[in-house]
Amino acid sequence: MDVTTGRSVDWERIERLPEFRELVARRRRFVVPATAFFLIWYFGFIVLAGYAEDFMGTSIYEGFTVGYALALTQFVMVGSLGLWYLKYSARHLDPLRVRIAEEADAATAAGETATAPDAHGVHEGRFDRPPPGAVEAPPAPARETEANR
Amino acid sequence: MIPLAADLNELALGIFALIVAITLGITYWASKRTRSATEFWAAGRGITGVQNGFAIAGDYMSAASFLGIAGLIFLFGFDGVLYAVGFLVAFLTVLFLLAERMRNAGRYTIADVLSFRLNQRPARAAAALGTLAVAAFYLIAQMVGAGVLIQALVGIEFWLAVVVTGVFMLCYVVFGGMIATTWVQIIKAGLLLVGTALLTILVLNRVGWNPLDLFSKAEARSEDGEAFLKPGLFLPKPIDTISLGLALVLGTAGLPHILMRFFTVPDAKAARSSVVWAIFLIGAFYLMVTALGLGARIVLGSAGEEAAGKGGNLAAPLLAEALGGGAGTVGGDVLLAFIAAVAFATILAVVAGLVISASGAVAHDVWSNVVRHGRDSEHEEILVARIAALGVGAVAIAIAIIGGSGLNVSFMVGLAFAVAASANFPALLLALTWRRFNTTGAVAGVLVGVVSSIALVIMSPGVWPGPDSEGSPFPLANPGIVSIPLGFFACWLGTVLSREHRAHRTFQELYVRSETGIGAERAATH
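Protein sequences appear in the order of chains A and B.
Read in my numbering, the first sequence has 136 at position 136, and its numbers run on one by one without any break.
Read in my numbering, the second sequence has 86 at position 86, and its numbers run on one by one without any break.
There is no bait here: all hints are sound.
What the simulated footprint calls covered on chain A by chain B, stretch by stretch (three residues with Cβ under 8 angstroms from a Cβ of chain B suffice, anywhere in the stretch; the number is not a length):
hint : segment
1    : 9 to 21
2    : 29 to 43
3    : 59 to 72
4    : 96 to 110
Ranges between beta-carbon positions, derived for each pair:
hint : chain 1 : residue 1 : chain 2 : residue 2 : range
5    : B       : Ile22     : A       : Val76     : 31 to 39 angstroms
6    : B       : Ser302    : A       : Ser59     : 18 to 26 angstroms
7    : A       : Ala90     : B       : Trp209    : 35 to 43 angstroms
Treat the hints as calculated values from the structure; they're not laboratory data.
From the three backbone atoms N, C-alpha and C, an ideal C-beta is built for every residue, glycine too.
Using the sequences plus the hints, can you model the full thing?
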C-alpha cells in the first residue's frame, strides 16, 4: 500500500532499479576504502605499540613521543572520516534514496509489478570520487553536522 | 584524603541528592509519556540527532572510561591511551557498517534486525542470548565498580552503595523507559564533559598552559622514567595488545545498549549524524582524560599510587582534591565532591541503558516473539518489559553484592566486549550483508561466540588457576583474536552445512530496507 510501512512494496523490483544499484555502488565506493583505511591506520598503530616500543617512545619534542603523536592522528582521523561521511551521504546518497522512495511509491500506487523502467536511469555516472586517502580528508566545518541534522 | 567508609562526605551526598532529584523529576515527566512499546523502548523515536549524540556518549562513557583510563595512564602511562583510542575508533565501525541499517530495519532490539529474514524463534532466541550475556557482564561490572567507588568517595557501605545505585537505575527504566533513560544519559554526558574540562583546565594551569609539557613533567615524576612514555608497562605481550585492539574496535558495534539508541531517532539520517556527534563528544572526552592521567602523575607522583588503589581508579578524584587546594581545604572538598557526584551520575546512566536493552531482549524477543509467537497485546509486552527490567536489575544487584568488591571488574568488562565482538557483531553484519546467511549460521555464530569468549577468559592468566598465575591454559588476557574469527567461522560453517527452505522474509527486502529506509518505523506522532 505505501512505502511508510513497507507493505506490498515490490522489493525485488526496487533491487533491480538502476537508482538502487547506483546507491549501493556509491555507498560501497566510500565505505569499503574508508573502512580499509581506518582499520589499517588503527591496527598499524596497535602493532607498532605492541612490537616497536622504542620507536613509539622516541621523543619528537620534549617528551612528546611518536606514540602520542600517532595516537593524536587517530583522533583526527576518526573526526575527519565521520564528517566526510556525513557530507558524502548528504550529497551523493540521500538524493538517490529520495528518488528510490518516490519510484517505489509511484509503483505501488499504480499497483504495477512490472520490471524496472529503464528510462529512469542515473544521469551522472559519478566515478570521480577518490577513495578516502590518508591526509586529504577535508575536515569539513562544524556547521556540517548541524546542516545534516 | 579520600574519606574512609567510616566518615561520610556530606557535600558529595548533597550533590548526589541534587542529581537524583533532577533525574527523578525527569522520570516522572517521562512516565506520563510512556504508554506504547515504541515509547518505552524507543522514546517514541522522537530524539533528535544531537540529543542522541549526547545520549550515546552518556551511554558509552562509563566510570571505567573516566576513572579507569585516567587511572591506567596515571599508573602505566602510554598503555592507557591504547584503550582510549580503541574505544573511539570503534565508532567508525558503528557509523560505516551498522548505525543507519539498524535504524532502517529494526524496531526495538538488535534481534529485530538479526531475525528479520531468518526463522524468528531460533534467531531471536540466539540474539537475545547475545544481548543478555553482554548486558549481564557489563552490568555486574558497573554495579561492583559503583559500589567500590561510592564506598570510597561518599563513605557508605559497599552493599548499600550497590542497592542505592540499583534502585535509582530501576526507577528510571521501569517508570520512565527510554525517554527517562535518554535524558539521564544526556545530563550525565554534559556533567561528565564539564567535570573533565574543569579538571583539564586546572591541570593545564599547573603546567603553564603548554600541553606538550605534560609529557616531560609526567616522565620526571615516574619511577619508570622513559618507559612511562612508551608502550608495554601494562600490556607487555604484543599479541595481547592486538587482541585487545580487535575486541575494542569490533565490540562496540555489538553492544546492545549502544545499537538500541539508533531506534530512538526519527530516521537513518539522524542516526548517522548522532554517531558523528557522539564521536566528537567522546573524542574530546578521551583527549581530556589523557591529560588528566598525565596530570595525576605530575600532581600526585609516585607517592599517590597507593592511595589511588588497584587499577588507579581513584587517581582522578584524588587529582581533583589536590587541584582544588588539597585535603581538608574548602576547594579540595568541593572539587572532590563534585567529581564523585559526576562519577555517580556516569554509572547511573550506563546501567540504565544496559537494563533497558536487557528488558527488550527478555520481553520483546523472548516473551513476545518466542514464547507468545507475537500474539500478545502491546499492553502485555510493556508490562513484561517492566517486570523483566526489575528481574534483571535484581539479579545484577544480588550478584554484585554476593561477588562483593573483590569481583574482578576489568575481567567482566573485557568479557562483555569479547562477547559483543565475537557473537553479536559477526551475526548482525552477515545478516545484513550476506545473501546466503541463514538461521543455522546465526545460531551457530552466536553460540560459538558466547561460549568461546567465556571459555577463553576463564582459561586466561589472572583467572585460571588464580590471580597472577603462571601456566593458565590460554596465554592471553584478551580472547578477541581467537574468539572473533571463531564467531565468523561458525556463522559461515552453520550456513554452508544447512539448507533452509522457509525464511521469514527475503534477503532482498532486508537489503532494500536497510539501504534505503523504505518501510522503516516512523516516529510516533503526538
